[in-house]
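Enquirer: In our numbering, the protein residues as written are -6 to 198.
Some hints here could point you the wrong way.
Derived lysine-lysine pairs resembling DSSO-like cross-links, with alpha carbons at most 30 Å apart [as the list claims (entries may be wrong)]:
(1) Lys128 to Lys153
(2) Lys39 to Lys198
(3) Lys183 to Lys128
(4) Lys198 to Lys125
(5) Lys183 to Lys26
(6) Lys39 to Lys128
(7) Lys13 to Lys153
(8) Lys153 to Lys198
(9) Lys128 to Lys198
(10) Lys183 to Lys153
(11) Lys153 to Lys34
(12) Lys39 to Lys106
(13) Lys13 to Lys128
(14) Lys34 to Lys183
It should be emphasised that the hints constitute simulated quantities derived from the structure, not laboratory data.
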Amino acid sequence: MLRHVLYRYEKKDYYREAIKNYSPINEQEASDKAMIEDLIKQYGDKILTRDVDIAHLTSSGLILNQSLDKILMVHHNIYNTWAWTGGHADADTDLLAVAIREGLEETGIDVLKPLTELPLSIDVLTVNGHYKRGKYVSAHLHLNLSYVLIASESSAHQIKPDENSGVMWVSVDALEQYSNEPIMIEVYRKIVNRARALRIEDLNK
């Protein structure tokens, strides 16, 4: 059962507790959670930084409208597709704060409110080798926690030129028309379904 209880723990353990308390919904999430926990044991808090170049923690925000049927997406410069927002933890232990900060920066929107303070997806995502700011970045893994953030469709938004070339609301039913990443479409829909289940659960309380 989905819950949106805010766990009370010390700030330095935010990410560890968020991962520890996450309940996988399928075999993929169970396997990915186990891998992430193993890497945390191996590298400790260094996993929050890009110093571990083979794999490091990231946080994403799936920005939804109030009715949970549209996603605010950005056209990503590196991936060359419409995608969610998010970024590297860069030593920040509060991955929800990372997701909110990245969402605000990448869309220019003024207010984002979490549907729940707990992550709604855990995934190990592959990143192909690419150039960033003139420097080659080798292929690596993003150990990713995802949060649902709610925004108003009427709020103004704008691009962040160094990261994206477009910001747009996209219907959940039309994702295939905008994303060229089938695996990510599955992740987006998985998170939307969990958000809707959480909304129904709250209404039934």
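Enquirer: A separate judgement is required for each hint: does it hold in the structure or not?
Expert: Hints versus structure:
no.: 1; hint: Lys128 to Lys153; result: holds, 20 Å
no.: 2; hint: Lys39 to Lys198; result: violated, 41 Å
no.: 3; hint: Lys183 to Lys128; result: violated, 34 Å
no.: 4; hint: Lys198 to Lys125; result: violated, 47 Å
no.: 5; hint: Lys183 to Lys26; result: holds, 16 Å
no.: 6; hint: Lys39 to Lys128; result: holds, 22 Å
no.: 7; hint: Lys13 to Lys153; result: violated, 34 Å
no.: 8; hint: Lys153 to Lys198; result: violated, 40 Å
no.: 9; hint: Lys128 to Lys198; result: violated, 52 Å
no.: 10; hint: Lys183 to Lys153; result: holds, 27 Å
no.: 11; hint: Lys153 to Lys34; result: violated, 35 Å
no.: 12; hint: Lys39 to Lys106; result: holds, 29 Å
no.: 13; hint: Lys13 to Lys128; result: violated, 35 Å
no.: 14; hint: Lys34 to Lys183; result: holds, 28 Å
The structure shown violates the earlier hints numbered 2, 3, 4, 7, 8, 9, 11, 13.
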